[in-house]
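Can you make the complete structure from the sequences, with help from the hints?
For the protein sequence lines, the chains are Y and G, in the order given. Counting from 1 along the first sequence, just add 474 to a position and that's the residue number in this note's numbering. Counting from 1 along the second sequence, just add 54 to a position and that's the residue number in this note's numbering.
Simulated from the structure, these hints should not be mistaken for lab results. Predicted model, so just to flag it, every value in this text is computed and none were measured. Backbone N, C-alpha and C fix where the C-beta goes; we use that ideal spot for every residue, glycine too. What you were told as hints is all true, and nothing was included just to trick you.
One-sided and incomplete, this derived list gives chain Y residues near chain G with beta-carbon spacing under 7 Å: (1) Trp480; (2) Leu485; (3) Ala522.
Here are a few chain G residues that sit away from chain Y, every Cβ distance over 12 Å (derived from the structure): (4) Ala197; (5) Ser212; (6) Lys226; (7) Leu227.
Per the computed footprint, the stretches of chain Y lying under chain G, defined by three or more beta-carbons under 8 Å from a beta-carbon of chain G, are: (8) 488-498; (9) 510-520; (10) 524-530; (11) 533-543; (12) 550-562.
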Amino acid sequence: MTDQWWLILGLTLGTFSIRLGGYVLGARLPSTGVWTRAFSALPGCLIAALLAVILVQENMSEWIAAAIALAVAMLTRNLPLTMIAGIMAVRVLRVST
Amino acid sequence: MFDMQMESPVATVESLGRLSPWQEFRAGFLDIIPLAFGAAFYGAAFGLLAAQAGMGEMQTSVMGAFVFAGSSQIVGVERLVSGASVIAALMAGLALNPRILLMTASLRDDLKGRPVWQILLGVHLTSDENWALMHATRAKGHAVGYWYLVGGGALLLSVWVAATVFGVSFSKLLPAPRSIGMDFAFTVAFIAILCNLWRGTGDLLPWMVSLGCAGTLALLVPIEAS
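Okay, here's the thing in structure tokens:
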């Protein structure tokens, strides 16, 4: 078997184990008090963390474009519009800086 | 969905209360379309990389359908292209995935009491995009759950596989995502989703701690953005 197939097999088994492992873990945790609050806070925290990791590796153009996208998102609450505004902003800013 | 003026599957049946599984699947499938565009560009970019790694259409489509984790696939194959061993490439790719553990753990109420095949299908189709979108849609007061997630995942997986195969087949004809700003698509999508997840000032502290820790770690330890 080639290297590529080994990588595909390994990533398939590893990733699926993590996905299923989360389910097993979640099913075993108590469904009261602090755990419920933690799980309800999780989506926002995880997305905030993802954004932090992405943005610290970017530059001024991306930070300004992200601020523009944030403003559009807060004003419109519209996902497609926010995406279009952010992508257009980053294209313009990268050319001009 | 994010624009109440738009024809929204959830909004139109909202008055009827809880959606049927099919209506929920359809709503998830349609609502994820803007994010699927982002996935298409990333898929095509992954295809370019896969071509450099000597992978064909068969390997690329099998990988997309069975791994279905874009950042892992990109990092793993990139390592292989740059001459790393299979084990090193595998470790680098898998290192990006522990967050999925938290995501599927948080689905426990949606998966509770479901048949095994639905649990296996649900966890496999869980990705950043449809998981976050499901929570953002809920935060707006719509009662969506398992089938909404699966609907979004089904479209994302189909688009991802099609785009990666397209990328590997036409690797010489495609522009790099960065050159047209498409590398920024998911960043802005996450900003929009985060706005919809905002429940009030009580969210500020946990979000800031999360943002600060992740940002600091990313600065100190060289890791790939996922």
